[in-house]
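Start from the sequences and build out the full structure, keeping to the hints where you can.
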Amino acid sequence: MTVADTADTAETPLTGSGARTIRIGTRASLLARTQTDIIATALTDAGATVEVVTIATDGDRSQAAGTPIPQTGVGVFVTALRDAVLAGEIDVAVHSYKDLPTAPVPGLSLAAVPAREDPRDALVARDGMVLGELPPGAVVGTGSPRRIAQIGALGLGLELVPIRGNVDTRIGKVTRGELDAVVLARAGLARLGRVGEATEVLDPLQVLPAPAQGALACECRADDAGLEQFLRATLHDESVAVAVTAERAVLGGLGSPCGSPIGALAEVVEDLDDDGHVVERLSLRAVAATAEGALVRGSATGETEDAEQIGRALAEELLADGAEPKGLAGDTATKNQPPPAS
2 MTVADTADTA ETPLTGSGAR TIRIGTRASL LARTQTDIIA TALTDAGATV
52 EVVTIATDGD RSQAAGTPIP QTGVGVFVTA LRDAVLAGEI DVAVHSYKDL
102 PTAPVPGLSL AAVPAREDPR DALVARDGMV LGELPPGAVV GTGSPRRIAQ
152 IGALGLGLEL VPIRGNVDTR IGKVTRGELD AVVLARAGLA RLGRVGEATE
202 VLDPLQVLPA PAQGALACEC RADDAGLEQF LRATLHDESV AVAVTAERAV
252 LGGLGSPCGS PIGALAEVVE DLDDDGHVVE RLSLRAVAAT AEGALVRGSA
302 TGETEDAEQI GRALAEELLA DGAEPKGLAG DTATKNQPPP AS
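Quick note: the numbering used here has the sequence shown finishing at residue 343, numbered continuously throughout.
Treat the hints loosely; a few may be bogus.
DEER-style ranges, computed between Cβ atoms [unchecked claim]:
no.: 1; residue 1: Gly277; residue 2: Glu52; range: 19 to 27 Å
no.: 2; residue 1: Gly133; residue 2: Ala226; range: 51 to 59 Å
no.: 3; residue 1: Asp46; residue 2: Ala154; range: 19 to 27 Å
no.: 4; residue 1: Asp169; residue 2: Val131; range: 16 to 24 Å
Simulated from the structure, these hints should not be mistaken for lab results. Even glycine gets a Cβ: it sits at the ideal position worked out from N, Cα and C.
Structural data, given as structure tokens:
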């Protein structure tokens, strides 16, 4: 598609007579397709005509080959989708927000952050056991350094081993007796209709989720203003965007890629101001690892419109307490996100 073709498409109506077809890109995995179908259904219900386009990514190829995540680099599930949007092959990319690198991409707009699934981690263990019931030496699979660091810090004597693969592959290792348990994002289980297989949902006081876990991100071309506005009006959840902005600001403030042992969880909660009026405030918690492998934790509260500054300030506190920064210092967290408050 040429630049002129893209411009012409952007001026075509999105609903009603003569509406353009909105092409939504997705990875081939069942979870990615399910997440994309949620977005496609919402846009269809709003009167749009939608086509879902499957895009192969380096992350999917490396996962099929069993390549460990740290060897595959940051954004392995994202780059091919973004390239397809920029090339005009698709109009919208649907991402698991936690997979997005923190640096923005010129030419793309993060148009909408839809409603979020429960962001907590979930355990799927043999014999219906919860984490505290697993015997010392039990083998627990997870591909996440964040989960390994936090579960290891609980002192349960578990053997934590790296795994990759889709939900079926990971849970299958438990049902076949290869592992005693696996830890997964509850959001993925919920979207696949399999949350009943979780034997425990882990308390964030024990294991904080990854920044933006459970959230989706919808990107389009920055010059496709009509589509950007349509996505935002149809899909966007401002409270989720505020929370995710703060969480990813912690990640960006630590200069850390998405595979680092960093957890963060923010919520927009009701509070009373000095005059007794109900107002919304942001509550944020985070955890990061030191160079020695210990964990440092912190929390902060503040105004929702200050979400990014709150996250950045909390990252500075974690660094002062010994957190080990990873990746490139100065990496910006959320320049291409929707503004934290309307």
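Status of the hints after comparison with the structure:
The hinted window of 19 to 27 Å between Gly277 and Glu52 is violated, with their beta carbons roughly 52 Å apart. Here the CB-CB span from Gly133 to Ala226 is close to 52 Å, well matched to the stated 51 to 59 Å. In this structure the supplied range 19 to 27 Å is violated for Asp46 paired with Ala154, their Cβ-Cβ distance being about 44 Å. About 22 Å separates the C-beta atoms of Asp169 and Val131, a value consistent with the hinted range of 16 to 24 Å.
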